[in-house]
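Following the hints, complete the assembly by docking chain E onto the known chain U.
Below are the chains, spelled out letter by letter.
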Amino acid sequence: MQEPTFLILTALAAQPLHGYGVIQSVTTLSDGDVNLRAGTLYGALDRLTEQGLIEIDREEAVDGRLRRYYRLSDSGAGALSAQVDRLRRNAAAAEAQLRHRPTGEILPGLTFEELRAGLRGLQGGPA
Amino acid sequence: MSDASLERHYRRLLLAYPRRYRRHHGTDMVTTLLEMAEPGQTRPARADVRHLFASGVRQRFRLPAGRPLTWAAAVLTTLILGAFGAATGSWLATRTFTTLPDQTALLHQVTGTDTETSQLRDTTPWTGEAAYGSAQNPNWTAEPARQALTAAGWHLSPVTTRHSTTASGYPGQPATPGTEIRFDAHRDGLALTVDAHLSPQHGTVHLSTWAQDNGTLLPAIVLGTLTGLLLGWPITAAAAYRIRHLPTTRARSTAALSALAIAALALPAVAFAGNVIRAFRHAGQPWPPSTVHSALTSGAYYPFGPTWLNLGLTLLGLTLTATTLAGLLPRPTAAPQPDQIPTVG
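Going down the list, the protein sequences come from chains U and E.
When the letters of the first sequence are read in order and numbered with our numbering, they come out as residues 24 to 150.
When the letters of the second sequence are read in order and numbered with our numbering, they come out as residues 1072 to 1416.
Extracted from the complex, chain E is given alone in its bound form:
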């Protein structure tokens, strides 16, 4: 019967509606839609398809009536999810960056000898990972280093040389002449800076290496933000409707837990938002790229609190969120509700 095909189309269209709504109204809606149809109709009209789909999506954004706190929760959840979406996009983008090469080998290439080196991997709460190394070599010259790097496939910038004098600090003693030699290099997604400070007795060569943005960072941040913003409101709406159907004490405790989760995640979300602004502002500059998820690394992001504040609050907030979601799930021993007639969805 042509009715069966039409019914199948309508049931599929109703998937645009939230599951709870489908369970309650679904069958009745299909009945009404079939009654409205022309005899012999096998497919819904295109305008009807659009309208039904749009109504379903709109229903996902509708909050239970008459509760201003739910509205506030929806706004905050949307913003927080947008910020965490940006962080996720940023993290995924940096997974695609070039991995840093072996720093010890690189240092020896640049400084030329088996000199004593010191290294550190630095992360800041605002930028991606960078590696810093230095070596002592009073007889260092730029040329052998440049040749070694070119041989290894690096593209070099011209050398800049600056002469200076450093006061000795002792009266009567002459100032020491010094030279600063700098150049940059880059190679398939990696950037490098050589900065040497030379004087008659001493020579220190500093090396900085980091992975450059391969163009995916900003689009990934935008995509992640939009995804988070889009999901925030329907998720709050679905949770709010579920809470309404819980027994009073469980409803109150679940609502309280969700409020605590939002409170915990608010500060990290603000940190992420600040980093999004930095990421766009510093795009294209010759420094380690500003990323969003770096806010979770240990550091003095705020002029207050411990260095692990963002990470700690994120973990706390995620735990509270998981507990809230667990509280929203139906308990297996609950008696079936009267509106749970076998229906669409």
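Same shape as in the complex, but just chain U:
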């Protein structure tokens, strides 16, 4: 699942939104990182509707114009939480791997090399 798709499903998870509402919500959710354009948005909405992950909630006339609201379907909510689980798992794995990385400092003021030298000194000291 790509990031824009994930964010669109996330935006619709709490409540039905119309096109512009989704764009605003995605910008907020991604802290300004992802700014959807109309073409991308509707391409994704079309595809997600085809896949049954979202559906049309209602249509309103605003200022004489049609505004269509979309909502997350049940299978969409399932797909979104499955993706959340996967991302959380991957994030935790990455975090664990990073902890194993030999860094410059084990503790503030003590480098890995100093620690090793100290331990060696302890081993080689008088019995």
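The hints are simulated quantities; they were obtained by calculation from the structure and are not laboratory data.
Among these hints, one or two may not hold up.
Some but not every residue of chain E turned toward chain U, in silico, with C-beta under 7 angstroms [to be verified]:
#: 1; residue: H1096
#: 2; residue: T1098
#: 3; residue: D1099
#: 4; residue: M1100
#: 5; residue: T1103
#: 6; residue: H1122
#: 7; residue: A1136
#: 8; residue: E1214
Think of the CB as a built atom: it goes at the ideal place given N, C-alpha and C, for glycine as much as any other residue.
Only chain E this time, still in chain U's reference frame:
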């Protein structure tokens, strides 16, 4: 209100999208685009124009999800349309070639007398039209023929003469000496070859004439191929989306018809592709130009089947295509669909 001008721009941009998509999403998209716009904005930003246009074109290439057969149909349709595009380009190019002159008059110019002539117009499944004629004249010499042709505006090559002896086939009888005289000529897009076989008793003069490529053949083939390739995928996508909205039995029969049309047109398309390769390989050679659409003329293109195989399959395939397209058109008595709200497009 400046909004109206901006709205007009957006509606025009949305024409890049397929009609079905416009009908379904168009109005909502315009609403969203106007909400995204700055107050007082009268024209869309150039980057937005590019992006919207590109999204629309991309949408035309998108196939309905989850159907591998549709993908196969799109690939085949694209290739077939490319091949037929090449044939169309080839045909259009040959329309611009010089027409062949009156062969009887030409023969008399070359052979010099009111001799008995025989002629034939030959077409092969690989080359354009060529005219062949011959005449019997034991006293033929090259010089009067060359003068007559020069007077008629032809540019002549030097004469090549070759002496040979032909065995008589009877033991004890001497072999007959013979002479072969050849030269070529060309004139404003026409090519001509004179090939005379002379012996003490007999003389046969062969004449070949054909229209030369005036430089438009290969570009027209390339242009036709590209056009066909470009149209193949969006056409399949549009048809696939239409089929999805048909009732099940009609959808299945329409899909089956389209599969048959593709099957019928596949072999002629392969023939066209082979001729495209020949057209490029034989470009500039002193023979009747290799064309693509000549594959439709009667002849032994394949080592199997009747001589009219390519033409027959093409006609069958085109009929099946027309029937498929007719099946995709909406029936006039159908009730309006719920998504057919009056919208953009």
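Hint-by-hint comparison with the structure:
no., hint, verdict
1, H1096, "holds, 5 angstroms"
2, T1098, "holds, 4 angstroms"
3, D1099, "holds, 4 angstroms"
4, M1100, "holds, 6 angstroms"
5, T1103, "holds, 3 angstroms"
6, H1122, "holds, 5 angstroms"
7, A1136, "holds, 5 angstroms"
8, E1214, "violated, 75 angstroms"
Hint compliance for this structure: hint 8 is the single one not met.
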